[in-house]
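Start counting the sequence shown at 1; every next residue gets the next number (the working numbering).
FYI, nobody ran anything at the bench for these hints, they're computed from the structure.
Label-pair distances were calculated between CB atoms; the ranges are: (1) F97 <-> V239: 29 to 39 Å; (2) T274 <-> A253: 30 to 40 Å; (3) A77 <-> A110: 32 to 42 Å; (4) P53 <-> G172: 13 to 23 Å.
Values in this document were obtained by computation on a predicted structure and should not be read as measured data.
By construction, the Cβ of each residue, glycine as well, lies at the ideal position given by its N, Cα and C atoms.
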Amino acid sequence: MQVTVVGAGVVGLTAAVALTEAGHDVRVIARATGDATTSAVAGAIWLPFEVGPADAVIRWATRTRVWLEELARSIPAAGVDVLEVVHAEAADAPPPFWAAAVPAVQRVTAPFPGAPAAYGFRAPRVDPRLHLPWLTAQLARPIEIADVARLTALPGDAVVNATGLGARALAGDDSLAARYGQVRVTAPGALDLGVTLSDDRDPDAMFYVIPRAARAGFAAEVVIGGCALPRPDHDPLAVDAAIDARIARQAQALDRAPGALVRTRAGLRPWRPTVRLERDPDDPRVIHDYGHGGGGYTLARGCAEDVVALLA
Numbered sequence: 001m002q003v004t005v006v007g008a009g010v011v012g013l014t015a016a017v018a019l020t021e022a023g024h025d026v027r028v029i030a031r032a033t034g035d036a037t038t039s040a041v042a043g044a045i046w047l048p049f050e051v052g053p054a055d056a057v058i059r060w061a062t063r064t065r066v067w068l069e070e071l072a073r074s075i076p077a078a079g080v081d082v083l084e085v086v087h088a089e090a091a092d093a094p095p096p097f098w099a100a101a102v103p104a105v106q107r108v109t110a111p112f113p114g115a116p117a118a119y120g121f122r123a124p125r126v127d128p129r130l131h132l133p134w135l136t137a138q139l140a141r142p143i144e145i146a147d148v149a150r151l152t153a154l155p156g157d158a159v160v161n162a163t164g165l166g167a168r169a170l171a172g173d174d175s176l177a178a179r180y181g182q183v184r185v186t187a188p189g190a191l192d193l194g195v196t197l198s199d200d201r202d203p204d205a206m207f208y209v210i211p212r213a214a215r216a217g218f219a220a221e222v223v224i225g226g227c228a229l230p231r232p233d234h235d236p237l238a239v240d241a242a243i244d245a246r247i248a249r250q251a252q253a254l255d256r257a258p259g260a261l262v263r264t265r266a267g268l269r270p271w272r273p274t275v276r277l278e279r280d281p282d283d284p285r286v287i288h289d290y291g292h293g294g295g296g297y298t299l300a301r302g303c304a305e306d307v308v309a310l311l312a
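Please take these sequences and the hints and turn them into a complete structure.
Here it is as structure tokens:
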């Protein structure tokens with residue numbers, strides 16, 4: 001079957017790779033690739049954030065975690081490994097709903113400044129600097145750079161819409177909205193490169209520390225964020241100095257301080273109350289796969305396998 005995938009972020013590329021593995025003839029069309037995508041800005045730790053519905057997220061996240069862990073064991077070039085995650089919660093909070101997708105979760109007390117308690121577990125981390133090029137290298141042909149105005153005008157027996165925020169216009173979906181995120185990327189300094197810290201209890205002042213190991217020509221670095229704020233789709237992505245200063249203060253309050261600032265980055269997450277993964281009711285040739293919020297790397301492979309199943 002000839003399949004056209006629209007979008008070259010982690011969701012689109014992972015779907016294209018899964019479809020290629022299933023024997024389909026796949027072409028990918030995208031407005032942007034690599035470092036110009038939202039996926040390149042992501043911290044890219046396995047951790048469901050701002051995604052639903054719960055039952056499907058558990059299934060997609062479980063399958064993606066298993067796949068990523070296998071890549072970590074067998075394909076270093078894919079840019080995946082596994083580390084400890086410490087995820088902050090209120091002192092009396094039950095485990096998050098997605099804990100069902102993790103083999104072992106344990107309570108952690110006094111985990112880091114500002115977090116009264118947390119849950120700890122092991123999970124994959126993905127380095128976009130390697131993973132996005134690796135996914136691209138699995139494709140049978142180069143990505144085509146183009147703007148797509150209408151999904152129905154595209155060639156192929158099937159079209160997969162993995163355009164993230166672009167789906168708002170392409171699918172006429174007003175439930176899709178932008179969530180602004182901003183990070184500081186620093187040298188490691190004294191930070192532990194084997195542990196990720198996460199506190200998303202307050203979207204206005206969320207905080208996370210995601211280390212990246214030195215790999216294949218890339219220096220070790222740490223992604224420190226962040227926020228999840230409603231913004232217009234056309235936000236120019238200028239770095240907000242006040243948010244940057246707040247993130248820096250939170251990082252300096254840690255027992256181990258980060259190193260020098262390398263760069264700042266900003267991006268727009270494609271948020272939707274629930275991920276849309278289904279055939280279009282008006283054109284069954286089109287399969288939608290978008291609205292992953294902050295969970296693109298966490299759900300991509302599970303969603304891709306559902307896309308493949310829809311074409312079986």
